[in-house]
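Novice: This is what each chain is made of:
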Amino acid sequence: MTNWKVILNIAKTHLLTKMKSTATAALGVTFGIGAYITLVSFMTGLNDMLDSLILNQTPHIHLYNEIKPTERQPVSLYDEFKNSVNIVHSVKPKESPKKIHNALPILNYLKQDKKVKGATPQLRAQIFYLSGSIELGGNLVGVDIMEETRLSNMRDYIVGGSPEALKNTENGILLGSGLAQKMSLGVGDRVQISTVKGAVFPLKIVGIYQSGIADIDNVQSYANLKTVQRILGEARNYITDINVKLLDIGEAPAMARKLAGQFEVTATDINEANAQFETGSNIRNLITYAVSITLLIVAGFGIYNILNMLIYEKMKDIAILKATGFSGRDVQLIFMSQAMIIGAVGGLLGLFIGYVLSRIIDNVRFETEALPTISTYPIDYNIGYYLIGIAFALLSTFVAGWLPSNKARRIDPVRIIRGT
Amino acid sequence: MDLVLETKNINKHFYKPKDFHVLKDISFGIGKGEFASIMGKSGSGKSTLLYILSTMDTDYTGELYLNGELITGKSHQELSRIRNERIGFVFQFHYLLSEFSVLENVMLPAKKLAKKSHAEIEHDGIEKLKMLHIEHLAQQRASRISGGEKQRVAIARALINDPTILMGDEPTGNLDSHNSENVFSIFKRLKEEQGLSLLVVTHDEDFAKRTDRTIQMEDGRIIG
Chain A
1 MTNWKVILNI AKTHLLTKMK STATAALGVT FGIGAYITLV SFMTGLNDML DSLILNQTPH
61 IHLYNEIKPT ERQPVSLYDE FKNSVNIVHS VKPKESPKKI HNALPILNYL KQDKKVKGAT
121 PQLRAQIFYL SGSIELGGNL VGVDIMEETR LSNMRDYIVG GSPEALKNTE NGILLGSGLA
181 QKMSLGVGDR VQISTVKGAV FPLKIVGIYQ SGIADIDNVQ SYANLKTVQR ILGEARNYIT
241 DINVKLLDIG EAPAMARKLA GQFEVTATDI NEANAQFETG SNIRNLITYA VSITLLIVAG
301 FGIYNILNML IYEKMKDIAI LKATGFSGRD VQLIFMSQAM IIGAVGGLLG LFIGYVLSRI
361 IDNVRFETEA LPTISTYPID YNIGYYLIGI AFALLSTFVA GWLPSNKARR IDPVRIIRGT
Chain B
1 MDLVLETKNI NKHFYKPKDF HVLKDISFGI GKGEFASIMG KSGSGKSTLL YILSTMDTDY
61 TGELYLNGEL ITGKSHQELS RIRNERIGFV FQFHYLLSEF SVLENVMLPA KKLAKKSHAE
121 IEHDGIEKLK MLHIEHLAQQ RASRISGGEK QRVAIARALI NDPTILMGDE PTGNLDSHNS
181 ENVFSIFKRL KEEQGLSLLV VTHDEDFAKR TDRTIQMEDG RIIG
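These protein sequence lines map, in sequence, to chains A and B.
Residue 195 in the UniProt record's numbering is what sits at position 195 of the first sequence, and the numbering runs on without skipping anything.
Residue 51 in the UniProt record's numbering is what sits at position 51 of the second sequence, and the numbering runs on without skipping anything.
Heads up, a few of these hints could be off.
[As the list claims (entries may be wrong)] Heads up, simulated DMTMM-like pairs for lysine to aspartate or glutamate below, C-alpha to C-alpha not over 20 Å straight-line: (1) A:K18 - B:E99; (2) A:K5 - B:E85; (3) A:K5 - B:E99; (4) A:K5 - B:E120; (5) A:K316 - B:E99; (6) A:K117 - A:D51; (7) A:K5 - B:D124; (8) A:K12 - B:E99; (9) A:K316 - B:E149.
Source of the hints: derived by calculation from the structure; they are not laboratory data.
Let the hints inform the model, and build the full structure from the sequences given.
Specialist: So, in structure tokens, the structure goes:
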């Protein structure tokens, strides 16, 4: 039978009369948990931001025709040489159209698939931007702009003008921001482009596109799919790339394999394209947890130390409690409840401090060219981290309190009272 | 006469630093309402015996009975309960919890027992303090009162659960003659007015002489 009221009352009196030690121990936990919450919120906030940056810009599955040599060279088809060793020098890639065969039926097929959130056609064309006598090499991507903005965060990267303006302007172009700077052009101006074959077209700038990656912004622009088809003099079914967004990103690899086999195109999925990216995220998470756990272990040692000291000081009290009928278990509970009170109070305070610090970081200005939509540091306010934080605070104080309180349980009152 | 406390052939060894037979075949009993004292030289084993009788020391052979019930071999949990409910203990050094008030110190064992409500326990505590003429100290912190007062508070605490027997390990050893006399008369009164059994280890021959019975110990044996 445990008399919690008495035990908690004794624990409370001990804690209050040793306010300094109590505060030190609790602050250790507070600091550990506060730092954990701040770190993990900030780190995962950054991670999520970078993830979404990549995930939103990269299609889950990308279909295109890759330029590559034929796997089976003609010589191996010829029966006469079947038993000979064939060596073919200077193999050239197979001549094949860049366009995806049957692109429109594939698009229709994909749009009816329930797992697919959307599929957009793209046409990539090599062009030159003309500025007086200067020709700047680059490419022009023909897109279905409204679908693109629905499926990716492309709208965020259009810093001047709007996607609607492109949709409504047949000869419109969303010019790369690097190009606009080089050629001193802005929204409303006209730019001349020429195809590889030499045909020149004037296009109206309806917006500026800034991905934040200079290599892209210096060469790439967007126009309507129809416009690019017309510039290249190709038919309405001339499409070089199909980007697919799935509802569940986890299905991307399997789906990519299936589509590659079904339509005889090259299909890369997002995991393949961003393998190194995933590694970066994992390592950042690892560092966050390593630092947090280190902080909490340090806090745990603080509690261990202070409880040990307290028990040493209270040796006589423990003896007297035992002599007057408190069992070893009661004594252990007294010191355990002290540890748990320190853990709970310190932990909750830590959550609060962590939240306040996160809030402060959240309001610090963070402006970078790479991320036009971000103006302050990103923070992930996930309730899960707060639960983990308080759970870890209680766990570490429990462990830190267990050893000293167990010692208190085993103290022999006779030895203390007799002073031997 | 009913025996409150009885021992049969209690033997105890200390093994450190080397084997030492500290108690040899101790068999005796304390009757109800008896005021007994144990005397003996240092090292005669009298305190060791007292701590075995108090159930705090369980490392012995032989049998210990309290109110005819065999105590030997019970779990620590049960022994704590027995100490709490039936044995009052007074030490040479007062041993109060210094952070608590006098009244809280007195009430603590009763709160642990949890047989009565808080109000009843408080009432009992005040009663015990009144009986010992220290009720005016009730709200003082235990660390703020004098040595003689502390010992009286300790006696009040030992009595709070109305124990069967009160044990003392040189309860007057640390007090001046006036306070010693005071404690003795309290013990005497408890025996006479409430029929309490008392067993006190002492060095003080005058104290021992005035008790009902003196148990003399030498070299781990009772010699008279």
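Novice: For this structure, which hints from the list above don't hold up?
Specialist: Checked against the structure, no hint fails, so every one of them is satisfied.
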